[in-house]
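Read off the chains here:
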Amino acid sequence: MADAAIRFRDVNKWFGKHQVLADINLAVSPGEVMVVCGPSGSGKSTLIRCVNGLEAIQGGDLVVLGESIVRSGVSMSALRTRVGMVFQSFNLFPHMTVLENIMLAPVRVRGLSATEAEKTARTLLARVRIPDKAENYPANLSGGQQQRVAIARALAMQPKIMLFDEPTSALDPEMINEVLDVMTDLAKEGMTMMVVTHEMGFARRVAHRVVFMDAGRVVEEATPDAFFAAPKSERAKDFLSKILSH
Amino acid sequence: MNYQFKWSVLWSGQSGSWLLQGVITTLEISALAWVLAAALGIVSGALRTVPFRPLRAVGTFYVEFFRNVPLLVWMFFWYFGVPPLLPRAAQDWIFNHGAEFWAGMFALGVYHGARMSEVIRAGILAIPRTQFEAAVAMGLTTFQAYRLVIVPIALRLIVPPATNESLNLLKNSSVALTISVAELTFQTRQIETYTAKAVEALTAGTLIYLILCVGIAAVMARVERRFAIPGLIARGG
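Heads up: the protein sequence lines correspond to chains U and Z, in order. Quick note: the first sequence uses the working numbering, first residue 1, plus one each step. Quick note: the second sequence uses the working numbering, first residue 1001, plus one each step.
Chain Z with its partners taken away, still in its complex shape (with noise of 0.2 Å):
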């Protein structure tokens, strides 16, 4: 082997600061994206267990569409399909204004969404329906019930299979370099073609994806213990 490792070339140059903006739009992609997914998994999730069918049939469309088309299809379909659809101002303003970023924001976070929907559904239905009745009981409607009951308690159950799944919105959000949104995956490989040295370029690149990772994880970790429910089962950790 004659391979000169050459690891300066990540903070020479321009380098450090394409990783740095590479992060920096890499975590704004998945911050925006898991906003997006956790609002339409808890909807959709909940929609997906009220007693009215027509609600839990939206639910379900939603859930099936989305999951079962793979996500490099919804970034170009986003970024390459919708925009010709539109007026032409609104196009021109959209591409003058990060199309790729809002494309990919929007495809991550409704391919995660839908699958965030099955954990948040999971949750709700390890919920004694007893504990429904007891919120309707007492005057709540439907919608208080499953807002001040029901989705809380689902959501303190499901931070484990959750924080799996933010994790991998995270990860995916590497797939938004196909429609060159310029983040982490993208800049690495950029320095790559500048400096000949993949080994180095893509170990800085997976190793900020597993300290962005952890640190997600123990994150999550916390705010699991912090809002554990009392008398459960305790947890390590």
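Looking at chain U on its own, in the form it has when it is part of the complex (with noise of 0.2 Å):
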């Protein structure tokens, strides 16, 4: 596994003296699909917060697409268009019209003419089921489609790796499928992926391996089948029993 796409070795966080990160060992493949759960608090976000540098690590290192992240000089611009992520709060530009979003980093990052830009975006819309809505602006869609746009957005700069950070957390639950339809299609093409989610059907259906956190440590690290089958640990077993009894 030398060539994993992400790589944490023993990687710990503070927020101040609260330790957030603690001894975390993980490694992503590349194609592998990743769900991080846990109760809130737990560091899930934290962690994946780290593998583009919106957080910073304090100990261990961190190596994404074969570099080391925490070696000076390294440039987290170049960094980040090969990582894409999604935020729980979508974060479109609400200025923009949705093809504006799509096509701003391409056209500022990766120097494309607008004219490559709009029809890359196009195709991306259509991708995530609404080619319908590219002049509108963020405020006129339903929160499943600013989703689904922030996907595109992020597929916009072509990334090797896709962070989700509780995609679907902020949606109606009428909207989360969606939303979740969208991710399993990019599953199934061969994303490299990791999902912090509360949507345990995602987990088992698409994910290889589910990563049960607790208070910033990995507590359980297996394949959907066995953790939702026999979670080994207590923490583990309280989590899904209060999680998938609704």
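No wet-lab data here; the hints were simulated from the structure. In this text the structure is predicted, and so the values were computed from the model without any measurement. Do not rely on the hints blindly, as some may be mistaken.
Calculated Cβ distances over 10 Å to all of chain U for the following chain Z residues [unchecked claim]:
| # | residue |
| --- | --- |
| 1 | Leu-1010 |
| 2 | Ser-1012 |
| 3 | Ser-1017 |
| 4 | Arg-1056 |
| 5 | Phe-1080 |
| 6 | Ala-1089 |
| 7 | Arg-1115 |
| 8 | Ala-1122 |
| 9 | Thr-1130 |
| 10 | Met-1138 |
| 11 | Pro-1152 |
| 12 | Lys-1171 |
| 13 | Ser-1180 |
| 14 | Ala-1182 |
| 15 | Thr-1206 |
| 16 | Ile-1216 |
Derived, one-sided and incomplete: chain U residues facing chain Z with beta-carbon distance under 8 Å [what the hints assert, rightly or not]:
| # | residue |
| --- | --- |
| 17 | Asn-52 |
| 18 | Arg-80 |
| 19 | His-95 |
| 20 | Ala-105 |
Label-pair ranges, simulated between beta-carbon atoms [what the hints assert, rightly or not]:
| # | chain 1 | residue 1 | chain 2 | residue 2 | range |
| --- | --- | --- | --- | --- | --- |
| 21 | U | Arg-122 | Z | Arg-1222 | 31 to 37 Å |
| 22 | U | Ile-243 | Z | Gly-1231 | 29 to 35 Å |
| 23 | U | Ser-113 | Z | Val-1082 | 57 to 63 Å |
| 24 | U | Gly-16 | Z | Leu-1072 | 45 to 51 Å |
| 25 | Z | Pro-1051 | U | Arg-217 | 26 to 32 Å |
| 26 | Z | Leu-1125 | U | Gln-158 | 31 to 37 Å |
| 27 | Z | Leu-1055 | U | Thr-123 | 55 to 61 Å |
| 28 | U | Thr-123 | Z | Val-1058 | 41 to 47 Å |
Backbone N, C-alpha and C fix where the C-beta goes; we use that ideal spot for every residue, glycine too.
Dock the two chains into a complex; use the hints.
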């Protein structure tokens, strides 16, 4: 596994005196879908935010696409063009149309012409199943549509890895599936994905591996079948009983 | 009351052309100072929010230094204080090229830039941090994130208070009469001196300022509607 897409090696991180990540050792292979779950405050969002440098780690090493991101002089912007991220709160830019949102980074970072970028953007909008919303502003879209645009926007940079930070937590129940469907498509196409989510159905169907975190530590790491059928730790059993009971 | 109104002093003799000259000078000095203030305000306001302490310190220094000295003192400083520090030839050159105008413009611009800075900073602080994260997460540099996302959103949010600052700037250009810039207030004083008709002259000045300011407010209201961010609280007017 020398060529893992993402490798955490003894990663530690503190917010002040509070340790949010403790001795994390994890590797995500190319093409793998890893679901990270755990109770709120367990450090799962912090974990994936380290992968594209939105959070800095304080101990250990983190190698993303063959490059250690803790080395001094590493270009975060260059790394981030290869690692897409989708946030809980969509974060579309409200003053730009859907098309402008998707074209921004390809034009400004990759230097694509507007024509090329628009062509790609429209293809991506078709892929996330909202080809007719290109000229709309984010405010005129539903939450599910906004999140699908956010996915298209991240894909526009042709990333090698996609990070999802609770992508459906801010959505009404009837919109969750339209976003999960797009993510499922992406997984089937072989995208390397790290997904923080409470959608255990998605984890069961799509994930290759489930990581359960608690208090900044990886408590369990298993295939979905093994994890859901027989969680080993009490903490995971407790978590699953709460999250699956409704 | 036995004051004899004589409104014709405003258009007889040279009064008309003085007033016109005054309006033009007021608009010139204000427009140039506004551009300077907007540029300084955007740069320093943005600097004060970036994730890099030395740059924040630069922004803070500018704001606190320039907003906490009276505008009048700045005008005197740039007009009487700075030129003697320059080489003789440079002094001669600037005094032959409207030194009072440039000193006044500069004082007005840096003073209002410091005030504008706070307006812009407030606009930036109103934007959720995750917008910045989303921008850099797609590979934009911090500078690009500010230029393409953060500042454009902030500017749309701050049109009402920026209008206030712009009107203040225009009205404060009258302070430049103290360093003998022949702007509108200077010209109304001149009419008063020549005709001894203070009420008429000052009424004319008052009305002209009022018209200019209402006009600017109307333009800014259009700008506000034109660039409003869809989905934010709808505006009236």
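Status of the hints after comparison with the structure:
no.	hint	result
1	Leu-1010	46 Å, holds
2	Ser-1012	53 Å, holds
3	Ser-1017	45 Å, holds
4	Arg-1056	19 Å, holds
5	Phe-1080	45 Å, holds
6	Ala-1089	46 Å, holds
7	Arg-1115	25 Å, holds
8	Ala-1122	17 Å, holds
9	Thr-1130	5 Å, violated
10	Met-1138	4 Å, violated
11	Pro-1152	6 Å, violated
12	Lys-1171	31 Å, holds
13	Ser-1180	44 Å, holds
14	Ala-1182	42 Å, holds
15	Thr-1206	39 Å, holds
16	Ile-1216	23 Å, holds
17	Asn-52	6 Å, holds
18	Arg-80	5 Å, holds
19	His-95	5 Å, holds
20	Ala-105	4 Å, holds
21	U:Arg-122 x Z:Arg-1222: 31 to 37 Å	33 Å, holds
22	U:Ile-243 x Z:Gly-1231: 29 to 35 Å	32 Å, holds
23	U:Ser-113 x Z:Val-1082: 57 to 63 Å	48 Å, violated
24	U:Gly-16 x Z:Leu-1072: 45 to 51 Å	47 Å, holds
25	Z:Pro-1051 x U:Arg-217: 26 to 32 Å	28 Å, holds
26	Z:Leu-1125 x U:Gln-158: 31 to 37 Å	34 Å, holds
27	Z:Leu-1055 x U:Thr-123: 55 to 61 Å	39 Å, violated
28	U:Thr-123 x Z:Val-1058: 41 to 47 Å	44 Å, holds
Hint violations for this structure: numbers 9, 10, 11, 23 and 27, all remaining hints satisfied.
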